[in-house]
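Protein chains in written order, with this note's numbering: chain A, 1 to 168; chain B, 1 to 639; chain C, 1 to 105.
One thing to keep in mind: the hints can contain errors.
Claimed, not checked - Derived EDC-like pairs: lysine to aspartate or glutamate, alpha-carbon spacing no greater than 16 Å straight-line:
hint : chain 1 : residue 1 : chain 2 : residue 2
1    : A       : Lys-120   : C       : Glu-59
2    : B       : Lys-177   : B       : Asp-586
3    : A       : Lys-136   : C       : Glu-96
4    : A       : Lys-25    : C       : Glu-59
5    : B       : Lys-576   : B       : Asp-586
Read the hints as simulated data drawn from the structure, not as lab findings.
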Amino acid sequence: MERIIFYILAAIIIFFAIASVNSKKMLRAVIYLLFVLIAISGIYFMVDYSFLGAIQLAVYAGGVIVLIIFSVLLVHHIELSLEMATVKKRIIAAIVSLSGIALVLPIILQTKFNVVENSKAIQVKDIGEKMLSYDKGGFILPFEVISILLLAVMIGAIVIAKGSKLEK
Amino acid sequence: MDFTYTILIPLIPLITFLILGIGSFKIKPNISGFIGTASIGTSLILSLYTAYKYFFVVGNVDGVFQTFYPFKTVWMNFTPTLHIDMGILIDPISVMMLVVVTLISFLVNVYSIGYMKGDTGFTKFFAFLSLFTFSMLGLVLATNLFQIYIFWELVGVSSFLLIGFYYTKPSAIIAAKKAFIVTRFADLFFLIGILLMGYYTGTFDFDTLTSADSAQLAQWTSVSFMGMSIITFSLILIFIGGAGKSAMFPLHIWLPDAMEGPTPVSALIHAATMVVAGVYLVARLFNIYQIADDGLALEVVAYVGAFSSLFAAIIALTQNDIKRVLAFSTMSQIGYMMLALGVSGYEGHEGLGYMASMWHLFTHAMFKGLLFLAAGSIIHAVHSNMLQDMGSLRKKLPITHITFLIATLAISGIPFFSGFFSKDEILAAAYHHNKLIYFVGLFVAGLTAFYMFRLYFGIFWGREVAHSDKVHESPKSMTIPLMILAFMSFAAGYIPFSKYVSADRKGFHSHIDWSMATIAIITAFIGIALAFVFYKKESKYPEKIANAFGVFYRWAYKKFYMDELYFFITRQIIFKRISAPFAWFDKKVVDGTMDLVGNTTVETSKKIKGIQSGKVQDYAMFFVGGVVVIAMIVKYLFN
Amino acid sequence: MINGISIYEILTLTTILFFIGIYGFFTRKNLITILMSIELILNASAINFVIINKYLFPENLQGAIFSVFIIAVAAAETALAVAIIINLYKMITSVEVKDTEMMKY
Numbered sequence: 001m002e003r004i005i006f007y008i009l010a011a012i013i014i015f016f017a018i019a020s021v022n023s024k025k026m027l028r029a030v031i032y033l034l035f036v037l038i039a040i041s042g043i044y045f046m047v048d049y050s051f052l053g054a055i056q057l058a059v060y061a062g063g064v065i066v067l068i069i070f071s072v073l074l075v076h077h078i079e080l081s082l083e084m085a086t087v088k089k090r091i092i093a094a095i096v097s098l099s100g101i102a103l104v105l106p107i108i109l110q111t112k113f114n115v116v117e118n119s120k121a122i123q124v125k126d127i128g129e130k131m132l133s134y135d136k137g138g139f140i141l142p143f144e145v146i147s148i149l150l151l152a153v154m155i156g157a158i159v160i161a162k163g164s165k166l167e168k
Numbered sequence: 001m002d003f004t005y006t007i008l009i010p011l012i013p014l015i016t017f018l019i020l021g022i023g024s025f026k027i028k029p030n031i032s033g034f035i036g037t038a039s040i041g042t043s044l045i046l047s048l049y050t051a052y053k054y055f056f057v058v059g060n061v062d063g064v065f066q067t068f069y070p071f072k073t074v075w076m077n078f079t080p081t082l083h084i085d086m087g088i089l090i091d092p093i094s095v096m097m098l099v100v101v102t103l104i105s106f107l108v109n110v111y112s113i114g115y116m117k118g119d120t121g122f123t124k125f126f127a128f129l130s131l132f133t134f135s136m137l138g139l140v141l142a143t144n145l146f147q148i149y150i151f152w153e154l155v156g157v158s159s160f161l162l163i164g165f166y167y168t169k170p171s172a173i174i175a176a177k178k179a180f181i182v183t184r185f186a187d188l189f190f191l192i193g194i195l196l197m198g199y200y201t202g203t204f205d206f207d208t209l210t211s212a213d214s215a216q217l218a219q220w221t222s223v224s225f226m227g228m229s230i231i232t233f234s235l236i237l238i239f240i241g242g243a244g245k246s247a248m249f250p251l252h253i254w255l256p257d258a259m260e261g262p263t264p265v266s267a268l269i270h271a272a273t274m275v276v277a278g279v280y281l282v283a284r285l286f287n288i289y290q291i292a293d294d295g296l297a298l299e300v301v302a303y304v305g306a307f308s309s310l311f312a313a314i315i316a317l318t319q320n321d322i323k324r325v326l327a328f329s330t331m332s333q334i335g336y337m338m339l340a341l342g343v344s345g346y347e348g349h350e351g352l353g354y355m356a357s358m359w360h361l362f363t364h365a366m367f368k369g370l371l372f373l374a375a376g377s378i379i380h381a382v383h384s385n386m387l388q389d390m391g392s393l394r395k396k397l398p399i400t401h402i403t404f405l406i407a408t409l410a411i412s413g414i415p416f417f418s419g420f421f422s423k424d425e426i427l428a429a430a431y432h433h434n435k436l437i438y439f440v441g442l443f444v445a446g447l448t449a450f451y452m453f454r455l456y457f458g459i460f461w462g463r464e465v466a467h468s469d470k471v472h473e474s475p476k477s478m479t480i481p482l483m484i485l486a487f488m489s490f491a492a493g494y495i496p497f498s499k500y501v502s503a504d505r506k507g508f509h510s511h512i513d514w515s516m517a518t519i520a521i522i523t524a525f526i527g528i529a530l531a532f533v534f535y536k537k538e539s540k541y542p543e544k545i546a547n548a549f550g551v552f553y554r555w556a557y558k559k560f561y562m563d564e565l566y567f568f569i570t571r572q573i574i575f576k577r578i579s580a581p582f583a584w585f586d587k588k589v590v591d592g593t594m595d596l597v598g599n600t601t602v603e604t605s606k607k608i609k610g611i612q613s614g615k616v617q618d619y620a621m622f623f624v625g626g627v628v629v630i631a632m633i634v635k636y637l638f639n
Numbered sequence: 001m002i003n004g005i006s007i008y009e010i011l012t013l014t015t016i017l018f019f020i021g022i023y024g025f026f027t028r029k030n031l032i033t034i035l036m037s038i039e040l041i042l043n044a045s046a047i048n049f050v051i052i053n054k055y056l057f058p059e060n061l062q063g064a065i066f067s068v069f070i071i072a073v074a075a076a077e078t079a080l081a082v083a084i085i086i087n088l089y090k091m092i093t094s095v096e097v098k099d100t101e102m103m104k105y
């Protein structure tokens, strides 16, 4: 049963990802991306990692996509057809990507992974404790760093978007 | 015996050249004239002292004059058989040449103080004269073939500088170039001859070459080439080099044009010293010339000398520029010297030709130098070179007149003057060796008398020249050398030359063969008489004779079209047929290849510069592609 | 872990998604669409972290926590990139890539 769901999700992801990068219309590309992100969160739910699935939906699907749509509306005529790259360029890019896949995939498939069978769900409580713990293996430092990063990004975004000083 | 002071003889002119050359803008003309003359004068005194010491104090030891080497060092050492030495060689002919060169150079320097007065390049002139004197002295004192070659080229350079002294005159520049190119072309053969000689004998040293015993000689002549031994072949090549410098046919074309230089230059270089360098070279190597293939090379020398002598004398009959007449006369007299060497033997009295050649060199330097300096005096007075602008000058230029007459008598071979003694010995030597050459020499003697007296009568007798009231005698600085040379033209005949200079260095007693001498004197007098009839007063005879000879006269006047022939060969054949294809090849193929390389690079870079497109995406593509490729290589090749 | 799905399949999925994102990055001509391709790349790597943590090291939580950071950083970066794009738009009134080729030879 899970297998079928997984395969459906995988198909959605791949199909809509390709559609997103090939789409001629801006808004459609964004919406396809939205579908990809939702499917990815579905995978997270399937691995018993509900917390991250929720974050994925909230941050990505809610935040980032909205952000992108707003920026599209701000700078674009939404019905405008996007210009596509020349066929030659697309083919070369495809070749590079495929060769990349050809490099990485065999390595992955040949590696022996020591899979540990389990059904342990990842609890929010554990994440929270780990995140704020001072002990060995604690993530307090990255946590603080990330918060500073977010602060910096907020300020930076405001400064940049505001542009140079308010003129007439 | 200590001859080490002889290093000063060439060094003093060299230092003078450097001083005058570097300071040519700062030194005043009076001082530079004085410096030049004083330095050569010092060399003259040292040379005379050397001659006195060598011939009288040291004398001949056991009847043979010794060879001294005050200096002999290895200058550049390549292999045991190939090394260039420098040194000083003292033996009879080199001492004689020292005296000749320094004496004439000194007198020319004194003369130039008067002749070149007011010229802007006054100091430069004296600097070049010193350079020339240094080169010639170095040539004369050379101990080996390479050293003589080096100074040979230096002399050529000095000649070039001096002929082209009036560098604003196009004809002078062309003449200087011609002289340099022709002698340089001859020197190519000279060099090949030197190298051949050095390779097959293993040495360049004169001493080793000339004192070879029969065993060594047999080994040297073992290789044959074109029917003669390789040594003879290289000797002929060396002679060609000498022929270029001495203006023998067919390399004589530069000598008439070299008269574009100032007259003191013509006197010094093209009469007395540089042009005899070829004769000196053959005399230096005389022993081998004599021995190799029984003197086959010497036959070549004799015939070339005789032919050049005749050729030049015929042309000199027709020329109207007095310096050109004297130039062809020089060529003719040098032909005599070569001829004399060519018919000479070696032992004792057999070596009469050698001794006569050297004697004639000595006397010729005196009277030809005098003739040129006197001509300079005349040109200075009349401001023209051409015979038709001169006439009846004997009252206006008394000293010049008398000295010119003495020199003309000397060159014509009239008894009691020096030319008679030396020329007579040459004819005697020729008579005993080769009758044909003897008759040619006799005929040329008659022609010489004729054209020289034609010149004399044309200048000092005949009709009055225009503007004759402006004509005046030259200053003392110019007439005193004339007088000294006139004295030498007379007295040099009385030196017992054969006692001191001979082929085997033993000295022999020579006497005048009056039966032969009488024939020569009669021939000379016939020539003088004809000239008297034709030229003393204005007459129609010369023109009638010239028309009677018709085409031949024209040919002689045009110097037998030798210059035109050379132009044809070089321009039509060499430039057009040979040089032009090479130039085309160089321009199209060689340059073309280089341009091709350059253009290819440019085109390739134009294509490649598209990589710097400014598009970040493309950069990323190359980046990812590169990483993938490298990873693949690492994974599949190294694991 | 998901029953019946081996790790290989999921890793294959993330690899393909990753390279689709790279393809999009090379090919797209609009700055915002490039941004979207970057999102795909980042998401693929986030899935990788979670899956490996879940399948190979269930006791540790490092992969899981790190993926949170990845999402945080990705979101921040997107926000900043949008700000830059808007600023650029103010200057040259275009968000096409061809108008930003200043580093061309």
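Do the hints match the structure? See the list:
no., hint, result
1, A:Lys-120 - C:Glu-59, "holds, 9 Å"
2, B:Lys-177 - B:Asp-586, "violated, 25 Å"
3, A:Lys-136 - C:Glu-96, "violated, 48 Å"
4, A:Lys-25 - C:Glu-59, "violated, 45 Å"
5, B:Lys-576 - B:Asp-586, "holds, 15 Å"
Hint compliance for this structure: hints 2, 3 and 4 are not met, and every other hint is.
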